[in-house]
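Number of protein chains: 6
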Amino acid sequence: MGLSHVDKNGVKMVDVGEKENTNRVAKAHALVKMNKETIQALVDEKTPKGDVLNTARIAGISAAKKTSELIPMCHTIPLNYVKVDFEVKEDEIEIITEASAFWKTGVEMEALTAASVAALTIYDMLKAVDKRMSVEEVYLISKDGGKSGHFER
Amino acid sequence: MGLSHVDKNGVKMVDVGEKENTNRVAKAHALVKMNKETIQALVDEKTPKGDVLNTARIAGISAAKKTSELIPMCHTIPLNYVKVDFEVKEDEIEIITEASAFWKTGVEMEALTAASVAALTIYDMLKAVDKRMSVEEVYLISKDGGKSGHFER
Amino acid sequence: MGLSHVDKNGVKMVDVGEKENTNRVAKAHALVKMNKETIQALVDEKTPKGDVLNTARIAGISAAKKTSELIPMCHTIPLNYVKVDFEVKEDEIEIITEASAFWKTGVEMEALTAASVAALTIYDMLKAVDKRMSVEEVYLISKDGGKSGHFER
Amino acid sequence: MGLSHVDKNGVKMVDVGEKENTNRVAKAHALVKMNKETIQALVDEKTPKGDVLNTARIAGISAAKKTSELIPMCHTIPLNYVKVDFEVKEDEIEIITEASAFWKTGVEMEALTAASVAALTIYDMLKAVDKRMSVEEVYLISKDGGKSGHFER
Amino acid sequence: MGLSHVDKNGVKMVDVGEKENTNRVAKAHALVKMNKETIQALVDEKTPKGDVLNTARIAGISAAKKTSELIPMCHTIPLNYVKVDFEVKEDEIEIITEASAFWKTGVEMEALTAASVAALTIYDMLKAVDKRMSVEEVYLISKDGGKSGHFER
Amino acid sequence: MGLSHVDKNGVKMVDVGEKENTNRVAKAHALVKMNKETIQALVDEKTPKGDVLNTARIAGISAAKKTSELIPMCHTIPLNYVKVDFEVKEDEIEIITEASAFWKTGVEMEALTAASVAALTIYDMLKAVDKRMSVEEVYLISKDGGKSGHFER
Numbered sequence: 017m018g019l020s021h022v023d024k025n026g027v028k029m030v031d032v033g034e035k036e037n038t039n040r041v042a043k044a045h046a047l048v049k050m051n052k053e054t055i056q057a058l059v060d061e062k063t064p065k066g067d068v069l070n071t072a073r074i075a076g077i078s079a080a081k082k083t084s085e086l087i088p089m090c091h092t093i094p095l096n097y098v099k100v101d102f103e104v105k106e107d108e109i110e111i112i113t114e115a116s117a118f119w120k121t122g123v124e125m126e127a128l129t130a131a132s133v134a135a136l137t138i139y140d141m142l143k144a145v146d147k148r149m150s151v152e153e154v155y156l157i158s159k160d161g162g163k164s165g166h167f168e169r
Numbered sequence: 017m018g019l020s021h022v023d024k025n026g027v028k029m030v031d032v033g034e035k036e037n038t039n040r041v042a043k044a045h046a047l048v049k050m051n052k053e054t055i056q057a058l059v060d061e062k063t064p065k066g067d068v069l070n071t072a073r074i075a076g077i078s079a080a081k082k083t084s085e086l087i088p089m090c091h092t093i094p095l096n097y098v099k100v101d102f103e104v105k106e107d108e109i110e111i112i113t114e115a116s117a118f119w120k121t122g123v124e125m126e127a128l129t130a131a132s133v134a135a136l137t138i139y140d141m142l143k144a145v146d147k148r149m150s151v152e153e154v155y156l157i158s159k160d161g162g163k164s165g166h167f168e169r
Numbered sequence: 017m018g019l020s021h022v023d024k025n026g027v028k029m030v031d032v033g034e035k036e037n038t039n040r041v042a043k044a045h046a047l048v049k050m051n052k053e054t055i056q057a058l059v060d061e062k063t064p065k066g067d068v069l070n071t072a073r074i075a076g077i078s079a080a081k082k083t084s085e086l087i088p089m090c091h092t093i094p095l096n097y098v099k100v101d102f103e104v105k106e107d108e109i110e111i112i113t114e115a116s117a118f119w120k121t122g123v124e125m126e127a128l129t130a131a132s133v134a135a136l137t138i139y140d141m142l143k144a145v146d147k148r149m150s151v152e153e154v155y156l157i158s159k160d161g162g163k164s165g166h167f168e169r
Numbered sequence: 017m018g019l020s021h022v023d024k025n026g027v028k029m030v031d032v033g034e035k036e037n038t039n040r041v042a043k044a045h046a047l048v049k050m051n052k053e054t055i056q057a058l059v060d061e062k063t064p065k066g067d068v069l070n071t072a073r074i075a076g077i078s079a080a081k082k083t084s085e086l087i088p089m090c091h092t093i094p095l096n097y098v099k100v101d102f103e104v105k106e107d108e109i110e111i112i113t114e115a116s117a118f119w120k121t122g123v124e125m126e127a128l129t130a131a132s133v134a135a136l137t138i139y140d141m142l143k144a145v146d147k148r149m150s151v152e153e154v155y156l157i158s159k160d161g162g163k164s165g166h167f168e169r
Numbered sequence: 017m018g019l020s021h022v023d024k025n026g027v028k029m030v031d032v033g034e035k036e037n038t039n040r041v042a043k044a045h046a047l048v049k050m051n052k053e054t055i056q057a058l059v060d061e062k063t064p065k066g067d068v069l070n071t072a073r074i075a076g077i078s079a080a081k082k083t084s085e086l087i088p089m090c091h092t093i094p095l096n097y098v099k100v101d102f103e104v105k106e107d108e109i110e111i112i113t114e115a116s117a118f119w120k121t122g123v124e125m126e127a128l129t130a131a132s133v134a135a136l137t138i139y140d141m142l143k144a145v146d147k148r149m150s151v152e153e154v155y156l157i158s159k160d161g162g163k164s165g166h167f168e169r
Numbered sequence: 017m018g019l020s021h022v023d024k025n026g027v028k029m030v031d032v033g034e035k036e037n038t039n040r041v042a043k044a045h046a047l048v049k050m051n052k053e054t055i056q057a058l059v060d061e062k063t064p065k066g067d068v069l070n071t072a073r074i075a076g077i078s079a080a081k082k083t084s085e086l087i088p089m090c091h092t093i094p095l096n097y098v099k100v101d102f103e104v105k106e107d108e109i110e111i112i113t114e115a116s117a118f119w120k121t122g123v124e125m126e127a128l129t130a131a132s133v134a135a136l137t138i139y140d141m142l143k144a145v146d147k148r149m150s151v152e153e154v155y156l157i158s159k160d161g162g163k164s165g166h167f168e169r
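Residue numbers (the working numbering), protein chains in the order written: chain A, 17 to 169; chain B, 17 to 169; chain C, 17 to 169; chain D, 17 to 169; chain E, 17 to 169; chain F, 17 to 169.
Isolated chain A, as found in the complex:
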């Protein structure tokens, strides 16, 4: 009987103590698919719970700031800014987020969390109109800073 038997793949928070502070930027993407009538309601500002996009933006920014509470192995990172932008298309809303910090570890999860929670908020604000929406293509667009340098998908 021993520890190795019951705990062989224990989770680990990466030690960032040896990493250098560098300028970190990450961009993420998400798409909320919906039917054209729902998009039209949004454009006409006839949505049942009020302003969809600014609410989603605030939710995304706020969620990015609590990434380390949501994702268990994430470090708490003091962010320089979070940006959440939307492109309203015929039958979808494209979400582009950006997070930045001068810190020892990257901010990919912050950008992805902002995108995901903004998408969920769009769903919540419009679900009385359309329950069949879906969130698609949540991914990291690019990442800068740190030892691994520039990444672009």
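These are computed hints drawn from the structure, not numbers from a lab. Computed from a predicted structure; not experimentally measured. One or more of the hints may lead you astray.
A pair holds if it fits inside one copy or across any two, identical chains being indistinguishable in the list.
Simulated crosslink set (SDA-like; lysine to any residue; CA at most 20 angstroms straight-line) [claimed, not checked]:
hint	residue 1	residue 2
1	K52	V41
2	K143	D107
3	K147	V59
4	K105	G26
5	K28	I112
6	K143	Y155
7	K82	M50
Fit chains B, C, D, E and F to the known structure of chain A by using the hints.
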């Protein structure tokens, strides 16, 4: 100069005071796409940050409990349970979540939040191996309870 | 040497176990005083950080939901709704909030917290323009439900 | 290759949907051991960071309210009250806590969390004086309500 | 149909990446007005929920640490300290707060949040005695550090 | 009548503004005592709520990140890592935690919080089997960094 000028589409939290407590269940879906080598690393338990799926499950359950902190117009709902299940496939992990409450309003957002945060956690636990993963098909599978009755996508 | 010596006025969370669930409504008030130019910038939507009022409304609603985290002796209360309304005047913004729950204890603190945090958010969104703003007249307008019945200031 | 291979002992949040609301009470215990000089400093109100016991009481009550954020498989429970009492002895402080709710599941974890966080706060408030303190005998004293009835240690 | 139509005044989190770390200090003010009998109850330590001022102080300090969770466009700032002081007068309690950080952006909102939540907590601790209390004169007293230098109201 | 009368032992958050950033490491200890059958259930992976140790580890790490929300006078510290290890023995589980930061103040409370919450989570995951478990010997093992240098219990 007046309020209507600056505040014409104000957000609104739905009043659930008149709604009846009924048994509410919602199921949600998400998919994390990744390459086969990453799936293999997970199956072989050779992932850099340890046990991916149980960490993602705990993160999803914990996030469902704080849905009303993440989604601005959501009500605080005391949940009966949250379930997060995974199906590991050749090049993707399917996430199925379920949330339930005996309450005045539905738990769709709780199920969707559990699915999204579980997906983000899978990304975080594996991103050192594969940054090109994406989250797809986040949607509501079904919903029961309340005046609107059964919904199935 | 004894406990009574060091702990004579210990804080106490009221036991609400014997109280009945009744419909609780509370309304609160706050005022953010500012100069006319700042009001004009808001009306003209020329504020440096974007939409002031909807951001303040969302902040107020979100804060009401976490009242029991902010005010140490408050109970956690599942709210039916929170409302935050604004009246933009010549040199001030009036904030009227309303919170409601079917619960064993009142929601005064929720309404007051919504008003205070909405006011602070207005300050934050406009402080680059005007640091001399002040928050005034934060008070309970009225309260209904519970054994003590109707209260109006 | 399959799910059972990688996820054989997945965590589970108990479904409390079938359980009845009953009056739940739980009491917990903790002990902070310290040397006599440290106790004397507390009794003489000569502690470097101010009032130890009321701070610990508030911390314990606040922590009980966020038990479901701290303990992953705990349900969110709206508490009727939390009580944190202290008995200052020659070389230790005894902590007795009590939590209560009219709910579908027990409040043991709430009482234990209150006791643990009160103990940690005593440590924090006094650690400049004595780093060798320890927390001992954190246990459930008793529990009432629910199908299992009365439990006493 | 386009984005500019629906999202013309989107909120923005200021990018602090180019700003320098400097010593930041901010002081804020608030007043809780109440009748003389309520003040007397406080001085005589005959308040229904126990020690009012230390509870309010702890609430104010704790709230300052979570300012960026409450005010949507605020940055997370690791504070050097927060101070909350009270002056008990004939029919009011004056609250003076101070927050400090060595950081890229100011701590005004932290000082103001401490003052507001301390005031709300005083209200909560005394509302069984007096529901007509009001919070007045919440403002920034002074601010130091950063490019804009010293500000005094 | 004056402030000194009612507020003589006010709590104080230490000003860390003058302290230097140094490498801080703290280790803490806790013990969860239980009967041999409970240990056996854990080793055999026959526990009612699933994987006990990884859940406790995640809970401990997550709690360490929110230490400053739990312990009122603690500073918010961005951690380099948190580690939670277990040694399963005949009738107890030993918990050893470690926290680290490059910061102006120590991380003792983070290590102790990780240990305490990991212990509480073990209790929660096993309490259906054994309610008589207790947490013992929660103490600081060692501490490095800062002006006071190395401490070992």
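Check your understanding: Any of the earlier hints contradicted here, and which numbers?
Key -> When the structure is compared with the hints, numbers 1 and 7 turn out to be violated.
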